[in-house]
Amino acid sequence: MKFYFNDGKWVEVKVEKKRPKIMGKDFVSGGLHDYKTSNDYGFVVTMKTERDADYKKATEIARKVIAEDLGHAPSVMPPAYASGLIVLQWSGDTHKTEDELLNSIGIAIKESDLKKHHLF
Numbered sequence: 004m005k006f007y008f009n010d011g012k013w014v015e016v017k018v019e020k021k022r023p024k025i026m027g028k029d030f031v032s033g034g035l036h037d038y039k040t041s042n043d044y045g046f047v048v049t050m051k052t053e054r055d056a057d058y059k060k061a062t063e064i065a066r067k068v069i070a071e072d073l074g075h076a077p078s079v080m081p082p083a084y085a086s087g088l089i090v091l092q093w094s095g096d097t098h099k100t101e102d103e104l105l106n107s108i109g110i111a112i113k114e115s116d117l118k119k120h121h122l123f
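4 is the number of the first residue of the sequence shown in my numbering; add one for each residue after it.
Don't take every hint at face value.
[What the hints assert, rightly or not] Below 20 Å or equal to it, Euclidean Cα-Cα: the simulated DMTMM-like pairs (lysine to aspartate or glutamate) are:
1) 5 <-> 63
2) 113 <-> 72
3) 60 <-> 15
4) 67 <-> 102
5) 20 <-> 101
6) 51 <-> 15
7) 67 <-> 15
8) 21 <-> 101
9) 21 <-> 102
10) 113 <-> 101
11) 5 <-> 114
12) 99 <-> 19
13) 99 <-> 55
14) 17 <-> 114
15) 20 <-> 114
16) 21 <-> 72
17) 60 <-> 72
18) 17 <-> 63
19) 21 <-> 55
20) 51 <-> 102
21) 5 <-> 101
22) 113 <-> 10
23) 99 <-> 71
24) 113 <-> 15
25) 113 <-> 55
26) 12 <-> 71
27) 60 <-> 10
28) 113 <-> 71
29) 51 <-> 63
30) 60 <-> 71
31) 113 <-> 102
32) 51 <-> 10
33) 20 <-> 103
34) 12 <-> 63
35) 99 <-> 72
Quick caveat, the hints were computed from the structure, so don't treat them as lab data.
Kindly generate the complete structure, drawing on both the sequences and the hints.
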């Protein structure tokens, strides 16, 4: 779903509730685990920004929202920034739905008051 910063530039955000992966292995709170032994789901948040200058801003807004909603800041997974795509992964307590988390991130982007989010 596309959300717009207050200057009119967009960021596209996708939220999926699934097992995050690192190098093909499932990632859970305690580290890397075999797929068959893990039932720990998490969120994968993928963001694409209209312009390069917004990568850091979008990432920090989303990380702050996720930390507030879920109690733990997500990892920023490579190839963050370089490819125009930002991927945040978080595993653990997923009491929020995909839509709830997407809406929280969208509201924060729309209201992206830099002082409020302590970004710069």
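Quick rundown of the hints versus the structure:
no. : hint        : in the structure
1   : 5 <-> 63    : holds, 17 Å
2   : 113 <-> 72  : holds, 17 Å
3   : 60 <-> 15   : holds, 13 Å
4   : 67 <-> 102  : holds, 17 Å
5   : 20 <-> 101  : holds, 6 Å
6   : 51 <-> 15   : holds, 5 Å
7   : 67 <-> 15   : holds, 17 Å
8   : 21 <-> 101  : holds, 10 Å
9   : 21 <-> 102  : holds, 14 Å
10  : 113 <-> 101 : holds, 18 Å
11  : 5 <-> 114   : holds, 14 Å
12  : 99 <-> 19   : holds, 11 Å
13  : 99 <-> 55   : violated, 30 Å
14  : 17 <-> 114  : holds, 18 Å
15  : 20 <-> 114  : violated, 25 Å
16  : 21 <-> 72   : holds, 17 Å
17  : 60 <-> 72   : holds, 18 Å
18  : 17 <-> 63   : holds, 16 Å
19  : 21 <-> 55   : violated, 28 Å
20  : 51 <-> 102  : holds, 18 Å
21  : 5 <-> 101   : holds, 15 Å
22  : 113 <-> 10  : holds, 10 Å
23  : 99 <-> 71   : holds, 12 Å
24  : 113 <-> 15  : holds, 12 Å
25  : 113 <-> 55  : holds, 18 Å
26  : 12 <-> 71   : violated, 25 Å
27  : 60 <-> 10   : holds, 13 Å
28  : 113 <-> 71  : holds, 17 Å
29  : 51 <-> 63   : holds, 14 Å
30  : 60 <-> 71   : holds, 17 Å
31  : 113 <-> 102 : holds, 16 Å
32  : 51 <-> 10   : holds, 16 Å
33  : 20 <-> 103  : holds, 11 Å
34  : 12 <-> 63   : holds, 16 Å
35  : 99 <-> 72   : holds, 8 Å
Hint compliance for this structure: hints 13, 15, 19 and 26 are not met, and every other hint is.
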